[in-house]
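Number of protein chains: 2
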Amino acid sequence: MNFKLKNDTFLRALLRQPTEYTPLWMMRQAGRYLPEYCATRKRAGSFLNLCKNPDMATEVTLQPLERFPLDAAILFSDILTVPDAMGLGLYFAEGEGPKFERPLHSEASIKALRAPDIGTDLRYVTDAVSQIRKALNGSVPLIGFSGSPWTLSCYMVEGGSSDDYARVKTLMYTEPKLMHHILEVTAQAVTQYLNAQIEAGAQAVMIFDSWGGALSHYAFLEFSLAYMQRIVQGLKREQDGVKVPVIVFTKGGGLWIESIADTGCDAVGLDWTMDIGIARQKVGHKVALQGNLDPSVLFATPEAIRAETERILASYGYGSGHVFNLGHGISQFTNPENAAALVQAVHELSRKYH
Amino acid sequence: MNFKLKNDTFLRALLRQPTEYTPLWMMRQAGRYLPEYCATRKRAGSFLNLCKNPDMATEVTLQPLERFPLDAAILFSDILTVPDAMGLGLYFAEGEGPKFERPLHSEASIKALRAPDIGTDLRYVTDAVSQIRKALNGSVPLIGFSGSPWTLSCYMVEGGSSDDYARVKTLMYTEPKLMHHILEVTAQAVTQYLNAQIEAGAQAVMIFDSWGGALSHYAFLEFSLAYMQRIVQGLKREQDGVKVPVIVFTKGGGLWIESIADTGCDAVGLDWTMDIGIARQKVGHKVALQGNLDPSVLFATPEAIRAETERILASYGYGSGHVFNLGHGISQFTNPENAAALVQAVHELSRKYH
Numbered sequence: 001m002n003f004k005l006k007n008d009t010f011l012r013a014l015l016r017q018p019t020e021y022t023p024l025w026m027m028r029q030a031g032r033y034l035p036e037y038c039a040t041r042k043r044a045g046s047f048l049n050l051c052k053n054p055d056m057a058t059e060v061t062l063q064p065l066e067r068f069p070l071d072a073a074i075l076f077s078d079i080l081t082v083p084d085a086m087g088l089g090l091y092f093a094e095g096e097g098p099k100f101e102r103p104l105h106s107e108a109s110i111k112a113l114r115a116p117d118i119g120t121d122l123r124y125v126t127d128a129v130s131q132i133r134k135a136l137n138g139s140v141p142l143i144g145f146s147g148s149p150w151t152l153s154c155y156m157v158e159g160g161s162s163d164d165y166a167r168v169k170t171l172m173y174t175e176p177k178l179m180h181h182i183l184e185v186t187a188q189a190v191t192q193y194l195n196a197q198i199e200a201g202a203q204a205v206m207i208f209d210s211w212g213g214a215l216s217h218y219a220f221l222e223f224s225l226a227y228m229q230r231i232v233q234g235l236k237r238e239q240d241g242v243k244v245p246v247i248v249f250t251k252g253g254g255l256w257i258e259s260i261a262d263t264g265c266d267a268v269g270l271d272w273t274m275d276i277g278i279a280r281q282k283v284g285h286k287v288a289l290q291g292n293l294d295p296s297v298l299f300a301t302p303e304a305i306r307a308e309t310e311r312i313l314a315s316y317g318y319g320s321g322h323v324f325n326l327g328h329g330i331s332q333f334t335n336p337e338n339a340a341a342l343v344q345a346v347h348e349l350s351r352k353y354h
Numbered sequence: 001m002n003f004k005l006k007n008d009t010f011l012r013a014l015l016r017q018p019t020e021y022t023p024l025w026m027m028r029q030a031g032r033y034l035p036e037y038c039a040t041r042k043r044a045g046s047f048l049n050l051c052k053n054p055d056m057a058t059e060v061t062l063q064p065l066e067r068f069p070l071d072a073a074i075l076f077s078d079i080l081t082v083p084d085a086m087g088l089g090l091y092f093a094e095g096e097g098p099k100f101e102r103p104l105h106s107e108a109s110i111k112a113l114r115a116p117d118i119g120t121d122l123r124y125v126t127d128a129v130s131q132i133r134k135a136l137n138g139s140v141p142l143i144g145f146s147g148s149p150w151t152l153s154c155y156m157v158e159g160g161s162s163d164d165y166a167r168v169k170t171l172m173y174t175e176p177k178l179m180h181h182i183l184e185v186t187a188q189a190v191t192q193y194l195n196a197q198i199e200a201g202a203q204a205v206m207i208f209d210s211w212g213g214a215l216s217h218y219a220f221l222e223f224s225l226a227y228m229q230r231i232v233q234g235l236k237r238e239q240d241g242v243k244v245p246v247i248v249f250t251k252g253g254g255l256w257i258e259s260i261a262d263t264g265c266d267a268v269g270l271d272w273t274m275d276i277g278i279a280r281q282k283v284g285h286k287v288a289l290q291g292n293l294d295p296s297v298l299f300a301t302p303e304a305i306r307a308e309t310e311r312i313l314a315s316y317g318y319g320s321g322h323v324f325n326l327g328h329g330i331s332q333f334t335n336p337e338n339a340a341a342l343v344q345a346v347h348e349l350s351r352k353y354h
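Keeping their order, the protein sequence lines are chains A and B.
Every letter in the first sequence is one number past the one before it in our numbering, and letter 290, counting from 1, is 290.
Every letter in the second sequence is one number past the one before it in our numbering, and letter 319, counting from 1, is 319.
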């Protein structure tokens, strides 16, 4: 595994080492906006089959890289594989998003929660990581990922997606000990899961805290950030003599960027609401930043995409430490040509800042 | 109209004058969590009938004040009365939220947009304001309100609620001039509308920028904040020799609190994501703050409600300038007894800070 990467710009940017341009990848870059992805998914029969089949997961992971000169690949998977492996029974009801057959709706089910055996229950994920890493053949680095304990717990307690998180917040405010028990077990599971991905070949890992932004300041610190910090501290940060950077991304977490940077992570993900120049002033001496284009910009023209790209690059300013990305997953309604325009704009326009 | 208020604590807090305790009201305090509201709404036949009938709007505005010793009343109405008066044809499809019959889906419809004649098209609102003010009989102040131009435009362009604002953001990024035209006309309408409410008896006004938080930093400044600033500057700030404070509330706007405070408003509304003590450090010398309890706390026990209330009061600290509120509208699933527990907790626990 100790061969040299042809393009390690992404890893260098995460470690704030000099680069020739600003590297980029796009959250959910292997997704429904690509017709080739839709074709593979159709062949798989279901989204879960696609996640659970390492051959097909490898295929879709590589698809965006064949179209665009992206600077990183990200494992194709779903954040809910972890609670599924914990026995909650993940399924996707057509047009309704993810659901659990056995959500945590009772004290007994919460107390019975156990971290999964990663080596068996999530073997299909680590197999996919190894296979993708091999298929990439040193072209660009592979990112592994997991949901944050808070975000996973939202789904586990709500039983699916939620607008207001009423059930999980009621539990959090009325039975904080039970809530902490769920988070504790989930944090152990996520730590083991990410370490297994690193051992299987992931060259950077990212924690997606999609719903941390739904919390109050104090609840975020206590119920989301504390557990992400514990995970960061429990991760293997080097594999085969090479550093493995960790990215923490709380959507809607701009207000807490300093606390997130203090977890010990290498980079902080930013959605599009916070100006990246202000973010850099606050934490740029500690961490790299990843973001922060509003994915809706990709609905506009190539000219508008270029203008917004330049705005973000200029706001970040000179020097390394920025990985360009969207502030959230790419929309299924995006025209792939506009994604191509973004990749070109970032690569071209960023050179003058390096 | 120049009689003295029995309880002007709310107005004094907004003007950062000394008070004996921290006043409070609750966003959407006249709403579906109250059985008496549901009864009146049933009698009205529809939500729109309720809004458009000043007798019934008065009745529901007063209902929460009969239950709880709140420190302010807020006009019962809907932010979408303004686009409705602009000819877009507001209706409520059962279980689907608000919709427009004639959304702004073409350049021609955008160019044809005109500010309504408030005196005729929105007469039912100013009539309700006069009637509520009279019915309150000087007990507590009456708050008038409007949606922000950006928030109203989201609905007008999308044609209803939206998860991702794809249509309005596409317009904003591809046709910024058309977007500015909508915002310009809407800002004129909102200014006239709020001034008409002030003339009819509203003793404070609030601008609800419910969707400003969906924008990028620069888009927020250009497409939402600039228009709210124009409105604040165009408002009558005094009526019958008494100051009329203005509150600006951008949900998810914590990152921009300093810019919001610079609009010239008297108070900034806060959702629950930003710590109010940090907010006060940033802007407390300029404006009062209103907020910031997560409405989900009201799903918990009276003890938890009390603990979270104390946390917010302690974080704000000593002195005037805080109006306690939820960070968003009260949920229809709230037990009214928990709302009562909140009101009691705020009134009791806040005295030591004054």
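For the record, the hints were derived by calculation from the structure and aren't laboratory data.
Here a beta-carbon is modelled for each residue, glycine too, at the ideal position from N, C-alpha and C.
Fair warning: there could be bad hints in the mix.
Going by beta-carbon spacing under 10 Å, a handful of chain B positions derived as facing chain A [stated by the list, open to error]:
#, residue
1, Leu62
2, Leu65
3, Thr170
4, Ser210
5, Gly213
6, Ile276
7, Ser331
Hints, one by one, checked against the model:
1. For Leu62 of chain B, the suggested interface contact is broken, since its CB lies about 27 Å from the closest CB of chain A, more than 10 Å.
2. For Leu65 of chain B, the suggested interface contact is broken, since its CB lies about 26 Å from the closest CB of chain A, more than 10 Å.
3. Using the Cβ-Cβ criterion of 10 Å, the hint placing Thr170 of chain B at the interface with chain A is satisfied: the shortest such distance is roughly 4 Å.
4. Because the closest C-beta pair between Ser210 of chain B and chain A is about 14 Å apart, greater than 10 Å, the hint is violated.
5. Taking 10 Å as the C-beta cut-off, the interface hint given for Gly213 of chain B holds, the closest approach to chain A being about 7 Å.
6. Taking 10 Å as the C-beta cut-off, the interface hint given for Ile276 of chain B holds, the closest approach to chain A being about 8 Å.
7. Restraint check, Ser331 of chain B versus chain A: the minimum CB separation of about 7 Å is within 10 Å; hint holds.
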